[in-house]
Structures are given as C-alpha cells and as structure tokens.
Amino acid sequence: MYVIGIDVGGTFTDVVAIDGEGRSTLAKAPTTPADQSAGVIDGLTRLAAELGIGLGELVTETERIVHGTTVATNALLERKGAKVGLITTEGHRDVLEMREGLKDERYNLRLPPPEPLAPRDLRLGVAERLNSDGTVRVPIDGKSLQAAVETLRQENVEAVAICFLHAYRDPGHERAAAEAVRKALSDAYVTLSSDVLPQIKEYERVSTTVVNAYVGPVVEGYLTRLAERLTDAGYAGPLLIIQSHGGVTPVDEAVRLAVGTVLSGPAGGVGGGLHCAEILGAGDLIPFDMGGTSTDISMIAGGEPALSAERGVAGQRIALPSLDIVSLGAGGGSVAHVDPGGVLHVGPESAGADPGPACYGQGGARPTVTDANLLLGYLDPENFLGGRQYLDRAAAATAVSQIAEALGVETIQAAAGIHRVVNTRMAEGIRLVSVRRGVDPRGFALLAFGGAAGLHVTELARHLEISRVVVPNVASVLSAWGMLASDLRVEGVRTHVGDAATLEAEGLSSLFQEIENEGRARLAEWFEGTVLARRAADMRYGEQVFEIDVPLDEVDWTAPDLLNQVASCFHRRHEALFTYALEDQEVVLVNARVAVTGELPATPREAELPDRPAAEPKGQRPVHIGDWQVVEVFDLAALAPGQAIQGPAVVESETTTVLLRPGDRAVATPLGWLDIEVPGLEMENGT
Amino acid sequence: MRIPPIRFYRRGEMRQDLLEIMMLNVRHPRDFRGDLAAMIGSVHIGERRLGALMAEFGAETVEAAVGAILDASERQARAVISGWKDGVYEGEALLDDDGHGAEDIAIRARVTKRGSDLEVDLTGSDPQVKGFINSSHANMQSAVTMALAFLLDPETPKNDGAFRPLTVKAKPGTVVWANPGAPVTLCTSHCGQEIIEAVVKALAGACPERAMAGWGRRFRIAIKGEDPRTGKPFIWHMFHARPGAGASSGGDGWNSAGEWHSAGGIKFGSVEVAEVRFPLYFRRHEFRPDSGGEGQYRGGTGGSLELVLETETGSLANTAGEGAKHGACGILGGKDGATHHYVLKSDGMPDRVLKTKEEGIAVHPGGEFHVESGGGGGWGDPGQRSKQDRERDRCLGMTS
Chain A
1 MYVIGIDVGG TFTDVVAIDG EGRSTLAKAP TTPADQSAGV IDGLTRLAAE
51 LGIGLGELVT ETERIVHGTT VATNALLERK GAKVGLITTE GHRDVLEMRE
101 GLKDERYNLR LPPPEPLAPR DLRLGVAERL NSDGTVRVPI DGKSLQAAVE
151 TLRQENVEAV AICFLHAYRD PGHERAAAEA VRKALSDAYV TLSSDVLPQI
201 KEYERVSTTV VNAYVGPVVE GYLTRLAERL TDAGYAGPLL IIQSHGGVTP
251 VDEAVRLAVG TVLSGPAGGV GGGLHCAEIL GAGDLIPFDM GGTSTDISMI
301 AGGEPALSAE RGVAGQRIAL PSLDIVSLGA GGGSVAHVDP GGVLHVGPES
351 AGADPGPACY GQGGARPTVT DANLLLGYLD PENFLGGRQY LDRAAAATAV
401 SQIAEALGVE TIQAAAGIHR VVNTRMAEGI RLVSVRRGVD PRGFALLAFG
451 GAAGLHVTEL ARHLEISRVV VPNVASVLSA WGMLASDLRV EGVRTHVGDA
501 ATLEAEGLSS LFQEIENEGR ARLAEWFEGT VLARRAADMR YGEQVFEIDV
551 PLDEVDWTAP DLLNQVASCF HRRHEALFTY ALEDQEVVLV NARVAVTGEL
601 PATPREAELP DRPAAEPKGQ RPVHIGDWQV VEVFDLAALA PGQAIQGPAV
651 VESETTTVLL RPGDRAVATP LGWLDIEVPG LEMENGT
Chain B
1 MRIPPIRFYR RGEMRQDLLE IMMLNVRHPR DFRGDLAAMI GSVHIGERRL
51 GALMAEFGAE TVEAAVGAIL DASERQARAV ISGWKDGVYE GEALLDDDGH
101 GAEDIAIRAR VTKRGSDLEV DLTGSDPQVK GFINSSHANM QSAVTMALAF
151 LLDPETPKND GAFRPLTVKA KPGTVVWANP GAPVTLCTSH CGQEIIEAVV
201 KALAGACPER AMAGWGRRFR IAIKGEDPRT GKPFIWHMFH ARPGAGASSG
251 GDGWNSAGEW HSAGGIKFGS VEVAEVRFPL YFRRHEFRPD SGGEGQYRGG
301 TGGSLELVLE TETGSLANTA GEGAKHGACG ILGGKDGATH HYVLKSDGMP
351 DRVLKTKEEG IAVHPGGEFH VESGGGGGWG DPGQRSKQDR ERDRCLGMTS
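Residue numbers (this note's numbering), protein chains in the order written: chain A, 1 to 687; chain B, 1 to 400.
Derived from the structure by calculation, the hints contain no laboratory data. The C-beta atom is built at its ideal place from N, Cα and C for all residues, glycine as well. It is possible that part of the hints are untrue.
As the list claims (entries may be wrong) - Now the in silico label distances, taken between C-beta atoms and shown as ranges:
{"#": "1", "chain 1": "B", "residue 1": "GLU391", "chain 2": "A", "residue 2": "ASP35", "range": "55 to 63 Å"}
{"#": "2", "chain 1": "B", "residue 1": "GLN388", "chain 2": "A", "residue 2": "PRO601", "range": "56 to 64 Å"}
{"#": "3", "chain 1": "A", "residue 1": "ALA314", "chain 2": "B", "residue 2": "GLN384", "range": "26 to 34 Å"}
{"#": "4", "chain 1": "A", "residue 1": "HIS624", "chain 2": "B", "residue 2": "GLY51", "range": "48 to 56 Å"}
{"#": "5", "chain 1": "A", "residue 1": "THR655", "chain 2": "B", "residue 2": "ASP71", "range": "40 to 48 Å"}
{"#": "6", "chain 1": "A", "residue 1": "ARG229", "chain 2": "B", "residue 2": "VAL62", "range": "38 to 46 Å"}
{"#": "7", "chain 1": "A", "residue 1": "GLU583", "chain 2": "B", "residue 2": "GLY366", "range": "48 to 56 Å"}
{"#": "8", "chain 1": "B", "residue 1": "GLU391", "chain 2": "A", "residue 2": "SER186", "range": "30 to 38 Å"}
{"#": "9", "chain 1": "A", "residue 1": "ASP561", "chain 2": "B", "residue 2": "ASN318", "range": "14 to 22 Å"}
{"#": "10", "chain 1": "A", "residue 1": "VAL409", "chain 2": "B", "residue 2": "GLY51", "range": "49 to 57 Å"}
Unchecked claim - Taking beta-carbon pairs under 7 Å as the criterion, some of the chain A residues facing chain B (in silico):
{"#": "11", "residue": "HIS92"}
{"#": "12", "residue": "MET98"}
{"#": "13", "residue": "GLY101"}
{"#": "14", "residue": "VAL338"}
{"#": "15", "residue": "GLY342"}
{"#": "16", "residue": "VAL531"}
{"#": "17", "residue": "ALA533"}
{"#": "18", "residue": "ARG534"}
{"#": "19", "residue": "ALA536"}
{"#": "20", "residue": "ARG540"}
{"#": "21", "residue": "GLU543"}
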C-alpha cells in the first residue's frame with residue numbers, strides 16, 4: 001500500500017508516493033491555477049505512470065493522501081475571495097476597519113489605508129448585547145436581525161461572518177443569527193466567531209472570522225472538487241489537509257475552519273524539517289528554505305515547531321496559532337541596488353523566473369544574488385541545475401559592474417558585497433524566529449532547503465555562531481515525508497480572564513479538562529488511536545496590555561499548589577523573553593489552550609545508501625572567499641556514506657550547490673545528506 | 001516633582017532609594033514599576049546585542065560602521081531635500097487655549113530651504129503661557145525632527161545622520177521653549193503636534209506632493225473611581241474614539257488612526273478587555289461620518305463613542321488635550337477636519353460640553369460620555385475629488 005503527499009506550488013504540483021518499504025517515487029505536473037484539482041489529478045496520473053500502473057490502481061492501493069494547499073493563501077494575496085457580509089453588535093460595526101488604531105509603516109504617511117475584506121456597507125449592526133460576564137444585557141432583536149439578513153440577501157453575499165461582542169462567553173446570540181441567515185441564504189457559507197476563535201479581544205476575533213468567511217467558499221469549492229475527482233478515480237481512503245499549525249485534518253474540518261489552511265503550503269516544508277529532526281535525532285533545528293524570490297525560515301525546538309498567534313497574511317490579522325514562519329523577500333533572484341546615500345541593498349525586488357538573473361541570458365540586465373554567486377566562482381556555468389540552465393558569466397559581470405561603479409570598487413568586490421548583504425538579511429531573519437522570541441540559536445542546527453540555500457548557510461552559521469549545518473536531499477520529497485508524518489490536530493481555546501490569586505485550583509483544572517474533552521470528542525469522530533493533549537495559557541501581569549504564550553507541560557494538574565506552578569511557569573517565560581520577572585505582581589490568566597493530537601501510523605524509514613568506496617573530486621575550480629583560491633568540486637550523489645570532505649570545497653547536486661568554507665568539515669550521512677561542522681569564531685581566525 | 005538626568009543603576013545595581021522616592025510620588029506605583037521594568041528590560045536587551053557586536057567585530061569596527069551608517073543616511077536625506085524648491089516658507093498653527101485664559105496660541109515656523117539644507121526658525125512663536133501646553137527645548141527639537149522624518153522617504157533610516165541637514169532656531173521664553181519652571185506636561189502631544197503642523201504647512205510650498213494634511217489632535221478623558229464589582233479603586237485613560245489621519249497625495253487619510261505624534265503607533269485596546277477590567281459599558285464605538293476634512297483626498301474620519309460609567313459611587317474625571325476649537329489643518333486647498341465635541345450626560349445635571357483642560361469633573365453613577373472626535377485634514381482642492389470617491393463615501397456612510 002502507498003501513502004501519498006501532494007504539495008501544490010506556484011509553478012509545479014509535486015506528488016510523492018511512498019511504498020511499504022519506504023521507497024519514494026516523485027512526479028511533477030504543471031499547477032493549474034484556475035482549478036488546482038486538475039493539476040493534482042494530472043500529477044497523480046503521471047505518478048501512476050512512473051510506477052507503471054494506472055491511476056485507478058494507484059488510488060485503490062493508497063491508504064492515505066495528505067495535501068498542502070495554497071488556495072486560501074492565493075485568495076487572500078490576490079483578493080479573490082468571497083463577497084462577505086458581517087453581522088455584528090449594533091454600534092460596533094467598524095471594529096474590523098479600525099484595526100485597533102494601528103497603521104502600518106509609521107513613517108510612510110502617504111500609504112493609503114487598506115480595503116477591509118468586508119466593506120462598511122456590508123457590515124451590519126444588530127441590536128443585541130452580552131455583558132462581559134456573559135449575561136444578556138440586550139436580548140437579540142428579531143426585527144433588527146431580519147433587516148440585516150434581508151440586506152445581505154439583496155446584496156447576494158456569498159459568505160456571512162457573525163461576530164458579537166463577548167460571544168466567547170456565550171454563543172447563543174451568534175447561533176440564533178446563524179439560523180436566520182441560513183434560512184434566508186441557503187447557499188451562503190456561514191461562520192461564527194464563537195466557533196472560529198472563542199477568545200476575548202474583538203478585533204482579533206472579528207478579523208479571523210471575516211478571513212474565514214472570505215476564503216471559506218473558495219476552499220470549500222476546491223476541496224469538494226478534489227474529493228469528487230479522487231472518488232471518481234476510485235479512491236476510498238482519507239484526504240487530509242495540512243493546517244497552518246502543522247497538523248492535519250479531514251476535508252470537512254478544513255472547510256469549517258478554512259482560515260486555518262492559510263499557511264498550509266509552507267507548513268508542509270516545516271513538516272519536512274520535523275522529519276529531518278527525527279532522522280537526525282536532533283530536536284533543535286532551524287529550517288531555512290531559500291528559493292528564487294523568497295526565503296522561509298521557521299524553528300523547531302525540542303522536536304516541536306514554534307507556533308505564534310501574532311500572524312497576519314496579506315495585511316489581514318489572523319489570530320489562530322500558526323507555525324511561526326518568517327518569509328523574507330530575498331532569494332537567489334533578488335536584485336541588488338545602491339541607494340542615493342551610497343548604501344548597497346539586496347531585494348526585496350526580484351528578477352523572478354522571467355527575466356531571471358542577468359546570467360540566465362533571458363533579457364535580465366539587473367544584478368542579482370545568483371549573478372554575484374556566479375562571479376565568485378560558487379556556481380558552475382556548465383552544470384547549474386544539473387546542466388539544465390546555462391549561466392552567462394559575461395552578462396553577470398556587466399550587471400554587477402553597475403554596482404561596482406556606484407560603489408567605486410572592483411566588480412569582484414561588488415559581487416562579494418552582494419553576497420554579504422544578502423547573508424546579513426538572512427541572518428536577521430533567523431534572529432527574528434529565535435533571538436526575538438527569546439531563544440538562543442547557537443545550540444541549533446541549520447537545515448538548508450531550497451536551491452539557493454547551500455551557498456549561504458555556512459556563512460549564516462558563522463554570523464549566528466551555529467556550529468552545525470545539514471543539507472538534506474530533494475526538498476519536495478522531504479516535504480512529502482513530513483506531511484505524511486504529521487499528526488491529526490485540533491486546537492481548543494477558552495477565555496477565562498482570571499486573576500491567579502482569585503482562581504481556584506479546581507476551577508482552573510476543570511476548565512482545561514473541558515477544552516481537552518471537547519478536542520478529544522472532535523478527534524474521535526475521525527480517528528481511533530493514541531491521543532495526546534498539551535496545555536498552554538496566554539498570561540500577563542495585571543496591568544500589562546498584552547499576553548504571552550506560556551507552555552504548561554511541566555505542571556502537575558492534581559497538585560495542591562497548582563496555581564503557584566502555573567504562575568511560576570509564567571514568571572520564568574517572561575524572564576526568558578524580556579530579561580525580567582516581577583514575582584510580587586498580580587498574574588492574570590486570559591486564555592486557556594489545549595492542543596489535542598492523534599498520531600497517525602508511521603511511514604517506513606527511507607532506504608539507506610549502499611556502502612561504496614569514497615568518491616574522488618570530479619574537478620577543481622577557483623572560488624573567491626576573501627580571496628581567490630582553487631578548490632575541489634564533488635558530486636553529492638557519488639559520495640560514500642561516512643565520506644568526509646574538508647573545506648574549502650564545493651559539493652554539487654542536480655538541485656543545489658553547497659559551498660564549504662575554510663574550516664568546514666562535511667560528512668555524507670547514510671541517506672546521502674551533508675552534515676557539516678562549522679568552526680567557531682576563534683578557530684576560524686586561526687585558519 | 002522634577003528629576004534631572006541621573007544614574008538609576010550604579011555598577012549594575014538598581015538604586016532602591018531612588019525607586020522608592022519615585023514610587024511615593026506617582027499616582028499608580030504598581031503600574032509605574034511595571035513600566036519601568038519594561039524599559040529597563042529593553043535597555044538590557046540592547047546592551048546584550050551591542051555587546052555581542054563589540055565582541056565579534058571590536059569597538060573600532062563597530063564605531064566605524066555606525067559612522068558609515070549615519071553618513072549614508074545623511075546622503076539619502078540630502079538627496080531628497082535637494083529635490084525640493086529653494087525658498088523661504090512660512091507656516092502657522094494655532095492651539096485652542098492653555099486652560100488659564102490664553103487663546104489662539106500661535107506656533108510660527110519660518111523655513112529656509114537652500115540646496116540640501118533646511119533651517120527652521122520658530123522665534124516668531126507666541127510667548128510662553130501659564131497652562132501646561134508649553135514645550136521644553138528637547139521636545140521642541142524632537143517635534144521639528146519628526147516633521148522632517150515624515151517628509152523624507154519611508155526607507156531613509158530615521159537616525160542622527162538623516163537629520164544633519166536640519167538646523168533649528170528658537171527663543172527661550174516662547175511657547176516652544178519655555179523657561180525652567182513653566183508647566184510642560186502636555187508638550188509631547190501639544191504643542192508638539194502644532195510644531196509639526198507649522199513646519200509641514202510651511203514646506204507644502206517646497207514639496208507639495210510630500211506635505212500631508214494635519215492629523216487629529218489628542219483629547220483624552222481620565223476617570224478615577226471605584227469598581228463596584230471588586231470594591232477596588234480604578235483609573236482609566238481613554239484611548240478609544242481616535243481622531244482621523246490627515247490626507248496626502250497618496251490618498252484619503254486613515255480613519256481613526258490617531259494623532260500625528262504617534263502616527264498610528266498606539267493601540268486603543270480591546271473594548272471587551274476594557275469592559276472586563278473597568279466598570280464601563282461601551283454602547284457605541286464607530287467611525288464619525290462627515291468628520292474628515294474635504295479635499296481632493298479626504299481626511300480620515302474621527303471616532304464616535306458612547307460610554308456609560310457603571311459605578312455605584314461618585315467618580316472624578318479630568319481632560320487634557322486640544323482641538324475643540326481648531327481642527328486638524330487642511331493643506332493645499334483641503335479643508336480642516338471637524339473639531340472634537342465631547343459631552344457629559346450625568347443624571348440630575350444639565351448636559352455639559354467638556355473643555356479640553358478640565359479637572360475634578362464630578363460624574364454620577366450611570367453618567368455617560370458622548371465623544372465625537374475630530375477628523376483629519378483634507379489634501380488639495382475639494383473640487384478635484386472624483387465622483388466615484390464621493391459616491392463611495394456616501395455608500396459607505398462616511399459622509400451623509
């Protein structure tokens with residue numbers, strides 16, 4: 001039997017099957033933007049052909065399909081979501097557009113305000129109101145509700161978001177409104193804030209709910225079509241969708257909480273990182289995925305990916321816990337320029353795939369990171385992407401010489417400058433996911449994904465004092481492995497807003513138990529197997545205006561000093577993040593969170609390389625690392641397991657080129673990856 | 001109490017005696033300590049990062065890099081400024097009053113632009129006043145700098161190098177540089193914001209496409225009382241019902257984005273959280289239609305708030321701010337934004353229009369504040385506003 005991972009990217013749809021012995025087979029099909037499910041079926045058909053069987057045979061032999069999709073992300077980025085109406089508490093219809101009074105880019109006063117996903121004339125107030133303790137102040141008014149529903153019906157909205165103040169305390173009014181909406185607009189996608197994110201703070205709740213309404217119909221349409229096509233082909237197993245938090249859920253749940261799939265695409269990559277962590281036996285990793293136009297950076301600590309609820313996508317606030325992925329607008333195609341002050345910058349503008357870097361010879365004239373890397377000797381013009389793309393050295397030199405002239409230096413120095421500047425930006429991105437979150441990256445291993453990463457990671461490791469860099473094999477295969485290893489996951493949250501001092505230990509314990517029970521019940525609808533639950537809380541000091549996420553794994557929930565233990569977890573976390581704790585101040589617990597996960601059957605391990613004699617270098621070439629030096633060039637695919645290579649050297653494969661700097665020592669792993677030891681600063685100074 | 005710049009830490013140890021003196025002299029010692037701890041924490045993080053830089057590169061290299069960064073910013077700033085039209089320009093902004101009888105207090109900026117240099121001369125501003133809207137020298141210098149920061153490119157680093165082209169002239173004893181002992185409590189908001197306004201207005205002649213209209217002015221209410229749910233005292237400061245932002249050549253101003261001196265940088269916080277933490281009921285909190293100044297591009301609308309005090313004993317309120325008489329300025333033909341209009345409705349008392357500088361306002365249980373905050377100024381001739389934009393405003397209920 002097979003398990004299949006499907007990753008729909010901007011250009012290609014990658015489909016990977018893994019059989020009972022851990023052998024993987026890969027197929028690629030062009031992505032079909034109008035209806036991605038066509039490209040998926042095309043990919044599956046090609047995969048079947050690779051395996052020498054028909055599509056029908058492949059799917060009947062498949063026990064599980066896991067899918068990462070960018071449908072919701074694209075709808076948001078391209079503003080192609082549903083026409084959304086919002087029903088909300090009378091007198092509060094502008095919460096969404098007020099954005100808590102915040103404006104992006106403080107010093108860009110000419111930046112026009114963003115368009116809200118639900119325009120003001122479709123944001124309708126209904127007479128109703130709950131008090132902050134959940135009691136009813138104003139009962140929901142049927143007439144006012146009917147009037148709002150009628151307006152939305154006349155406007156032909158495709159989706160309706162319902163968000164009332166304090167609905168996290170009691171969903172009654174929202175449910176009554178939903179019933180009225182469903183009666184009048186039977187085809188509309190209807191979503192409630194008390195379902196999507198039952199927690200205090202109306203801006204985060206209404207924004208997340210409106211995004212859910214905006215992408216809901218698109219996600220629903222796509223997944224329904226895909227499920228139908230798979231059924232038509234003869235597939236009877238589960239179709240699981242990767243969520244922004246890294247877990248998977250069945251289609252129905254992904255449709256109900258469509259906003260949870262907004263980071264589904266990159267989440268597959270983080271899954272690949274987790275899979276590596278397991279294989280390497282290393283719990284602390286920083287997956288670093290550097291492509292042509294952008295770089296995704298995330299973090300895995302203690303074998304767990306970092307989550308954050310402080311996310312936005314395309315300027316829209318989404319307050320669900322999501323993988324903490326930082327995306328930088330910098331990659332191999334990033335364009336270098338010199339500003340009027342004479343400072344060299346790289347990106348965010350990119351030459352993209354068309355025209356591409358100057359050295360691609362497709363009409364690009366502006367200098368990119370890839371052009372600089374070529375001039376520095378890091379790339380082989382004859383052997384880039386396995387020889388599929390010839391690189392024009394003269395074109396690269398002409399482009400980079402513009403920078404050299406503006407800076408008044410030699411062309412090779414300008415190329416070295418571009419390489420350094422982009423490295424500095426990348427290092428800053430890694431600090432964002434680590435140091436900024438109170439985590440010291442020095443004990444972590446850097447995991448290099450993506451075609452462009454191999455030339456930069458060993459330098460980044462030096463910037464961050466990281467001593468281990470791992471370059472695994474083909475990233476799309478890894479993502480598939482990662483997706484297939486992802487667990488089913490449900491996130492539960494409940495707002496409490498209680499002073500730790502006035503809280504009863506029993507009350508707190510039963511609050512968490514309730515959320516956990518709900519999560520377990522939902523999971524039980526899809527799954528019989530081992531279920532794990534993890535608890536955390538959003539907490540703050542009495543007068544602070546923001547909360548921090550406090551993991552409560554260490555807490556003994558039956559102990560008499562439970563409240564002290566919870567408070568002490570908070571103090572320690574606060575100190576780690578902000579350098580201080582105020583032990584004598586009041587501690588407030590605002591949201592209780594429980595993540596419930598169900599472990600899916602493990603996929604078999606990948607096959608190891610056979611023993612063979614150490615490979616000889618396939619050639620030599622000069623590279624510029626501070627100065628020109630001639631180094632040996634190796635073929636990654638030819639290395640023997642355990643073979644060591646001392647830097648400086650270059651290791652090439654069909655998908656990436658790795659630069660080993662002086663002092664680096666790389667060893668080929670049993671799976672054919674590179675495991676690189678990078679010297680500390682003192683050692684480097686000595687070489 | 002006035003505290004000069006003084007060492008709070010000695011050899012890495014916080015001075016407990018100083019902390020105690022300060023704690024004894026503030027209204028809310030616990031909040032004060034939390035704020036202070038956060039500030040000290042941020043300094044420690046900065047110290048750590050700078051230390052790491054020094055360790056990696058050595059002091060000499062770090063200092064040289066800092067110098068190079070400042071020089072580069074200066075070159076960028078000069079490149080921008082030299083694109084503006086040379087000349088001598090004047091701008092004036094008026095404050096409503098000082099709360100002690102002085103009215104229409106003027107800030108006057110005379111700006112000379114030559115090549116890539118700017119001189120801002122504020123010596124023509126009115127003499128200092130009795131109320132707390134005077135500025136200290138440092139605050140005046142910062143306000144002028146902020147005006148320049150808003151006119152440069154967003155990408156230009158806002159550091160000392162970028163501000164080298166600027167010289168500032170002012171006279172002691174004026175409202176922008178009051179003599180020691182004069183009250184200056186409100187100056188970071190007012191007259192800080194009017195200084196920005198006067199400078200930007202002046203430079204509208206030199207760089208019209210960069211000069212934006214005025215943002216709404218700050219007018220806050222603070223309420224002190226007892227929370228009947230806990231029996232504990234509370235103090236609440238209003239950050240809601242933000243005024244609108246000024247319009248610019250980029251388009252309409254942001255609705256309810258706040259005051260110019262923070263430029264959309266301060267959250268007003270959740271209504272739900274406020275209702276949990278304070279005995280308050282927010283009956284209504286929305287945009288205020290028709291408050292944005294007209295123009296080719298409209299000023300952002302202000303906010304509209306109906307707030308009920310759910311106390312069982314009497315409370316006291318005070319106000320601080322500006323803009324009930326002079327709205328945020330329109331520019332290049334655009335109209336001024338609507339002014340603030342705050343009313344207190346309290347049982348057994350006639351409706352009371354709140355002034356911007358009041359103390360000891362008695363509020364009975366169930367008292368209501370009806371707050372209509374000002375809009376931002378408009379940019380350009382209102383006759384040039386497109387039909388579609390007007391139609392859209394009507395459709396969305398931003399104008400009536």
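Exercise. For which of the previously enumerated hints does the structure constitute a violation, in increasing order of number?
Worked result: 1, 4, 6, 7, 9, 10, 14, 16, 17, 18, 19, 20
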